[in-house]
Amino acid sequence: MTSILAQANADVRLDAHLVDYLLVAFYFLLVLGIGYMARRSVSSSLDFLLSGRSMPAWVTGLAFISANLGALELIGMMANGAQYGIATVHYYWIGAIPAMVFLGLVMMPFYYGSKARSVPEFLAKRFNRTTQRIQGVIFAVASILIAGVNLFALGLIIEALLGWPLVVAIPVAALVVLAYTTLGGLSAAIYNEVLQFFVILALLIPLTLVGLNRIGGWEGLKEKVSAGPGGAEQLSSWPGTELTEIANPVLSVIGIVFGLGFVLSFGYWTTNFAEVQRALSAKSMSAARRTPIIGAFPKALIPLVVVIPGMIAAVLLPQIQAVKAAGGSVDGITYNDSLTLLMKELLPNGILGVAIAGLLAAFMAGMAANISSFNTVFTYDLWQDWIKPGKPDRYYLQVGRWVTVIGCILAIGTAFIASGSQNLMDYIQALFSFFNAPLFAIFILGLFWKRMTGSAAWIGLLSGTVAAVTIDVLVRFDVLQLSNQAGSFVGASAAFIVGVGVAALVSLSGQPKPEAELTGLVWSLTPRASRTHSVEGDDAGWYRSPKLLGVLVLILVVILYILFF
Amino acid sequence: MTDSPEGSNDAGTGPADAPRAGTDAPPSAAANLFDLRTIIAVLFLVYGIVLLIMGLVSTDDADRMKTGGSNINLDMGIGMLVVAVLFGAWVLMRPLKPPTPEQLAEAAEGDRPLGH
Chain B
1 MTSILAQANA DVRLDAHLVD YLLVAFYFLL VLGIGYMARR SVSSSLDFLL SGRSMPAWVT
61 GLAFISANLG ALELIGMMAN GAQYGIATVH YYWIGAIPAM VFLGLVMMPF YYGSKARSVP
121 EFLAKRFNRT TQRIQGVIFA VASILIAGVN LFALGLIIEA LLGWPLVVAI PVAALVVLAY
181 TTLGGLSAAI YNEVLQFFVI LALLIPLTLV GLNRIGGWEG LKEKVSAGPG GAEQLSSWPG
241 TELTEIANPV LSVIGIVFGL GFVLSFGYWT TNFAEVQRAL SAKSMSAARR TPIIGAFPKA
301 LIPLVVVIPG MIAAVLLPQI QAVKAAGGSV DGITYNDSLT LLMKELLPNG ILGVAIAGLL
361 AAFMAGMAAN ISSFNTVFTY DLWQDWIKPG KPDRYYLQVG RWVTVIGCIL AIGTAFIASG
421 SQNLMDYIQA LFSFFNAPLF AIFILGLFWK RMTGSAAWIG LLSGTVAAVT IDVLVRFDVL
481 QLSNQAGSFV GASAAFIVGV GVAALVSLSG QPKPEAELTG LVWSLTPRAS RTHSVEGDDA
541 GWYRSPKLLG VLVLILVVIL YILFF
Chain U
1 MTDSPEGSND AGTGPADAPR AGTDAPPSAA ANLFDLRTII AVLFLVYGIV LLIMGLVSTD
61 DADRMKTGGS NINLDMGIGM LVVAVLFGAW VLMRPLKPPT PEQLAEAAEG DRPLGH
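Chains as they are written, first to last, in our numbering: chain B, 1 to 565; chain U, 1 to 116.
The shape of chain B in the complex, shown without the other chains:
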């Protein structure tokens, strides 16, 4: 779903006018201005790397979702909408919302309460230094590689839309992200993510409205999709056999619920530091717990303006119709061109400039999230806790700034690697998604089982990853007859089961940490009082209860599923 790296096609070139460029320029002015102004708010390494833990929940909540709403996601999901129809909503609903609510209600008291500054540091507290370092290195490498993919894709879009060559577009794009993250640190990244959230909506909403207008409204869309190659099945979300490529409807539902809804989504949402970091920068425990839950509301509603335009693209645009009829790429056009082709087809100058700003914003959101979580993990987990401990805080602030610069330069490097071998980069990204499932396995086991030892954690982590990679290789070489989609569900499930199994066996043969050291890190050893949060001052009010908000968003998803059953 992330192989959006279609060739720049002259067909896609947008007819942007001066007013469009001015609107884009104004957006960039604000982005850089935020970086410049956020500079005043940075005086310590914690300010730079965790925003001094001062952010209100609505800001961290929107940044939480914006960090995920990168352009790869946007373009990929619109393409899925064009290809599979309504079933794409599973990625947004069952594949995200329960995990986000779980993160806020169950896991956040431990993350935030432990005072850990990063996911690897939490692992150090619960397990040991080895686990922290292994996870820190894996995360740092993965972040730079994925930032490179984002950057390369951004360069491609600039090349396609504006006609700049890739060698100019990639460094310029990197420079903008670098400028604001080096100046303002995480505060600038988070503030810009919130701004990006609104600009991305200003891209998606007119696209959906105009698209529906052209197609004859929702009824017109239903009629045309039913008559199309996908048939009326594409108007319902369950059982999603086309999406999972599992022919048996019962197995398909099980695949969606357990593979996507449990292993993949819990692995991603609850352990990915680029996400969790947004919650750790919140100003109180209550705000931290509300962060993923507030983010869940827009997450639940965004498919209405992503999946529906995707479906419109598949029935309105002749190019995408041809792709759908042929079941693959036609004249270099793929499903991944749905978004840009729709913009070209539907949006007049003026709103087109806003839409271009939104698209560029989406790319920067993805890359900035990778870079800002990379520099926190590198500075705290690898540099301060391992390589050069015991220096003054000023020193680590400087390290944080330099690591941001180095991270962006490395990302330019990995972007050019990506441009050379697109499949390799897709593969690497897929590979790193396998680290999430075993990480979630040792997290959940360590959280609920006080016997679990430190060596069990890193051995479980690595063996889970080996299991996932093995399944992937078997699927690739057709030893296992599974589709890619089903393969990734099975791979993640195997990683989870092997991770838990190995960690349990290793734990039984070792000495657990003394219980006194595990207070606040293991469920049964943490008094209820310290798992709850203050409800006074800024955290007062029934509408700020994480539990109530969590229940509300789950009800919202159930209603949405009934509407789009």
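Worth flagging that the hints you see were computed from the coordinates, not collected in a lab.
Virtual Cβ for every residue (Gly too), placed ideally from N, Cα, C.
Errors might be hidden in some of the hints.
Claimed, not checked - Take a look, some chain U residues computed to stay more than 10 Å from chain B by CB distance: (1) ILE78; (2) LEU81; (3) VAL82; (4) VAL85; (5) GLY88; (6) ALA89; (7) VAL91; (8) LEU92; (9) MET93; (10) PRO95.
Claimed, not checked - Here are the in silico distance ranges between beta carbons for each label pair: (11) VAL82(U) - ALA540(B): 28 to 34 Å; (12) ALA62(U) - GLY541(B): 47 to 53 Å; (13) LEU92(U) - ASN248(B): 54 to 60 Å; (14) TYR561(B) - VAL82(U): 26 to 32 Å; (15) GLU245(B) - ASP61(U): 42 to 48 Å; (16) PHE416(B) - LEU86(U): 40 to 46 Å; (17) MET93(U) - GLY420(B): 53 to 59 Å; (18) PRO392(B) - ALA89(U): 40 to 46 Å; (19) VAL82(U) - GLY163(B): 33 to 39 Å.
We have chain B already, so just place chain U on it with the hints.
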């Protein structure tokens, strides 16, 4: 999304669970952060005005072909101005509070972040 961005970390309600940045870290300056709501209001004010003017003066038949008859620049321009006004009103009704002297003293003692 009903949280307010301002506010204070009174002793006890704030993160007693907030970590210290480092043994010698200076007091957190995160309290000096500007108001994001104003930036959002400015963005949509400017975008709204530009789109409104585009919608009023330069919508031609080619544009209407694209949109299937509606004047999307005008509609979105009005929509964005409404968003700008809402954020502006939020800022005016619940402005950021400057930190109180007690909070400043507290921040000087430890490196606890202030609400902003």
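Do the hints match the structure? See the list:
no.	hint	result
1	ILE78	holds, 12 Å
2	LEU81	holds, 12 Å
3	VAL82	holds, 13 Å
4	VAL85	holds, 14 Å
5	GLY88	holds, 14 Å
6	ALA89	holds, 15 Å
7	VAL91	holds, 13 Å
8	LEU92	holds, 17 Å
9	MET93	holds, 15 Å
10	PRO95	holds, 14 Å
11	VAL82(U) - ALA540(B): 28 to 34 Å	holds, 30 Å
12	ALA62(U) - GLY541(B): 47 to 53 Å	holds, 51 Å
13	LEU92(U) - ASN248(B): 54 to 60 Å	holds, 59 Å
14	TYR561(B) - VAL82(U): 26 to 32 Å	holds, 31 Å
15	GLU245(B) - ASP61(U): 42 to 48 Å	holds, 45 Å
16	PHE416(B) - LEU86(U): 40 to 46 Å	holds, 44 Å
17	MET93(U) - GLY420(B): 53 to 59 Å	holds, 54 Å
18	PRO392(B) - ALA89(U): 40 to 46 Å	holds, 45 Å
19	VAL82(U) - GLY163(B): 33 to 39 Å	holds, 35 Å
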